[in-house]
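Undergrad: For the protein sequence lines, the chains are P and X, in the order given. Mapping of the first sequence onto my numbering: position 160 corresponds to residue 301, and the numbering continues sequentially without gaps. Mapping of the second sequence onto my numbering: position 113 corresponds to residue 135, and the numbering continues sequentially without gaps.
Be aware that one or more of the hints could be misleading.
[What the hints assert, rightly or not] Here are the simulated DMTMM-like pairs of lysine to aspartate or glutamate, each with C-alpha atoms no more than 20 Å apart in a straight line:
hint: 1; chain 1: P; residue 1: 180; chain 2: X; residue 2: 50
hint: 2; chain 1: X; residue 1: 166; chain 2: P; residue 2: 330
hint: 3; chain 1: P; residue 1: 410; chain 2: P; residue 2: 369
hint: 4; chain 1: P; residue 1: 281; chain 2: P; residue 2: 304
hint: 5; chain 1: P; residue 1: 180; chain 2: X; residue 2: 63
hint: 6; chain 1: P; residue 1: 193; chain 2: X; residue 2: 78
hint: 7; chain 1: P; residue 1: 410; chain 2: P; residue 2: 370
hint: 8; chain 1: X; residue 1: 26; chain 2: P; residue 2: 191
[Claimed, not checked] Reference listing, derived: stretches of chain X covered by chain P, where coverage requires no fewer than 3 residues with Cβ under 8 Å from a Cβ of chain P:
hint: 9; segment: 59-68
hint: 10; segment: 86-97
Hint data in this document are derived by calculation from the structure and do not stem from the laboratory. Quick reminder that beta carbons are idealized off the backbone N, C-alpha and C, glycines included.
So you can see what is in the structure, the chains are spelled out below.
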Amino acid sequence: MHAFEYVAPHSVDDAVTLLQESGDAQVLSGGTDLIPQMKEGRRRPPLVVDVKHIPELNELVYDPVEGLWLGAAVPCHRIVGNGAIARAYPGLVEAISLIGGIQIQGRATVGGNLCNASPAADSIPALIAHRAVCHIAGPKGPRTVPVEDFCTAPGETVLEPGELLVKIHVPAPPPNHGGAYQRFIPRNEMDIAVVGAGAALVLDERGQVIQQARIALGAVAPRPLFVEEAGAFLAGKPVSEEVLEEAARLAREAARPITDMRGTAAQRKHLSHVLTRRVLIQAVQRARGEEAGRRNGHV
Amino acid sequence: MSSKVMVSTHLNGQEVTFLCEPRQTLLEVLREELGLTGSKEGCGNGNCGACNVLLDGVLVNSCLVLAVETDGRTVTTIEGLTPPDRLLPLQQKFLEHAALQCGVCTPGFIVSAQALLEQNPQPTEGEVRRWLAGNLCRCTGYDKIVRAVLDTAQSLAGDPAQDSAKEVGR
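Same shape as in the complex, but just chain X (with noise of 0.2 Å):
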């Protein structure tokens, strides 16, 4: 077994510090360490996009992270992306639009998509999926999901005091 490594981290507007193995994911330690239980592992290959985070500001599958790698970096997830009292305009669509059932998948949805709308604040339906094509959902079969970005865009347009999208993440 390998000796632990001191890593710090810019997480989520703090600095941490831990200590973990470098053969532990960023997924892992983010769970396991550090009990933010919002990025799921589903395939754990970075095929499903469940543990998208923001490093640096740019999207990746913490999956494919060694937690090493962050040292001296900037990590957000979804605790860090969406305030604790109240939804994100997106989040509130996905509620409207039903756009999650079991749930597992919706944390990188959200995390994915909010990347999204900041790069690109009116996405046209084809960018939205091809944005959102690394992100699998067994459940919804994706099209609410789409009608759910797609509307929070459009309502976001309209409605210039409602510019939260634009709040957080970088």
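Isolated chain P, as found in the complex (with noise of 0.2 Å):
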């Protein structure tokens, strides 16, 4: 690894300082991203600002009203080993559940996760579809950005010099929620998507008529993908196999995915439509509260 400062500030203020005054810094939190970055030469920052002994960064707090809390240092065991914020999001908390393997979910951070923008971060397509928000501190003071709207392109965010994620709002679930999240690896564990959904409804008190619908995809475009139309197609309507149907394929529509080493862009768009129907059937079960018994979100 290249030679580099490294310093740990204890408040938000202070990491908004160095960051600014340094231009060049990253900000390391879990570093499972950066730190083989570093090694590989692809990131060669002068000053690392390691986030995690700010407390606000480290806020992990869920209310039934307020909703979820997520401080962006917050490393991804803590998360889904709380109980609590499981039952209230198990979409979420699957697809944070499936960052790596175990070692990994004791260092990495959603935080980490959003920031590095990976077009295949698993977290990302469940938590726009939670409706989450990031709350980012600045030099030009506090602003927040729908998660949807965070990732530009690939490694790419919206942050600008001197700012930094703090935390991540996610809305309290109403009642007849369900949210899930889905990818297709070719191992059982341990790997990088080739495709994810997530989703996320309401539907009415008889469970029947989907109320509002947010879905969104992984690995099919530059950055992680919401795709409004499908959720909005769904807004009103009964729920039916057609219906949940043509929501997937207004999904394969949207996805406009490259052919790499982890699959065909024929393959991503059929994966797309495939895993947007399971979420939508999984969520609907959520929300009337007949799930299924899955454990985690492979396929």
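Could you use the hints to bring the two separately framed chains together as a complex?
TA: Have a look at this one:
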């Protein structure tokens, strides 16, 4: 690894000042992406700012009314190990539980998954489906950005020089809410999604009519893809195989995948369709309280 | 070259102070500065688990931790997890089941599996396989390792006196 300076500030203000003064500094939280990138020489920051000592970035609070506050430096194992959060947002927690194996879960953070901005990041489609919002601090003051607008290109985000992702807010799940995330990988574990699909929806109190729905896809576009039109199509429609199938078709249409070592564009189009249908069915089952008992999001 | 930093870590039950550069990983410092060569470098990028250690009791890849990050924290390596004068039940079962051949991956598997058994003393086969997915072995084909872990869990459940799987690591 190249030589760099290391600093571990204890406040958001200090971190912002350091990031602003250095310009080329990199934020370190779990390090599971940054450290390999530095070892390979893909990133050569002169300064590494370790944000794990900042209290706000370690916050993990769930309240049934206020929703979930997820600090950007909270490692995945803390979220996955929290029963109340797993029950409130099974689709989101499944996605987070799929990031790497156990030893990666011990370090990797959802904030880092967002800031690394991989098109195939597992947590991001689920965060988009669950209406998550990024809370950012910076030299010009705080601002918020919906997760679907946070990534701009592979490895690039809306963060400007000096800005820091502090925490992510996920609204409380309303009654009759269901969410799901599934991905396709050729192995059983520890792999990068060929395609990932996240969905969250709200049914009426009889569990028959979809009141609102959001669908997002991973690994089918230069950034995690919010398929707004598929969710909008579902809003107000009674649950039926045909309706879910049409939303899945819209997701397939929205996907703009490339062919690479993990899969072909045609395969990814097909997977967008199949996975969207599956996560919608699972989200409906969860909203109705008739979960089939799948433990994690493997296909 | 950046200047060296003084780091104090609670390592395997002892307070240890060392000098390192920020660019040095915990694995590099363990092996090359502190003489703890039980943790192995397989891939160096978090895929193989041969370098697994516990950081504040949490299983991590030491190749993906900067040594400076461990200041004021607790690190347990394979050397600290295993008693010097006898084998842990898990190690004994690795021998009985021939769960190793070349042995490079073994310290990482022992650290991982021991952490699993502390958290979940009676794991299912699926839970063992999921937990060990981040540890790669190119010799055994994994079945013998999985059987050794399951047999350890079973023998510890059947023999409460042999409770030593729980005595270490935290």
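Undergrad: State for each hint whether it applies.
TA: Each hint, compared with the structure:
no., hint, in the structure
1, 180/P / 50/X, "holds, 13 Å"
2, 166/X / 330/P, "holds, 19 Å"
3, 410/P / 369/P, "holds, 17 Å"
4, 281/P / 304/P, "holds, 9 Å"
5, 180/P / 63/X, "holds, 14 Å"
6, 193/P / 78/X, "holds, 14 Å"
7, 410/P / 370/P, "holds, 17 Å"
8, 26/X / 191/P, "holds, 17 Å"
9, 59-68, "holds (count 3)"
10, 86-97, "holds (count 5)"
Hint violations for this structure: none, all hints satisfied.
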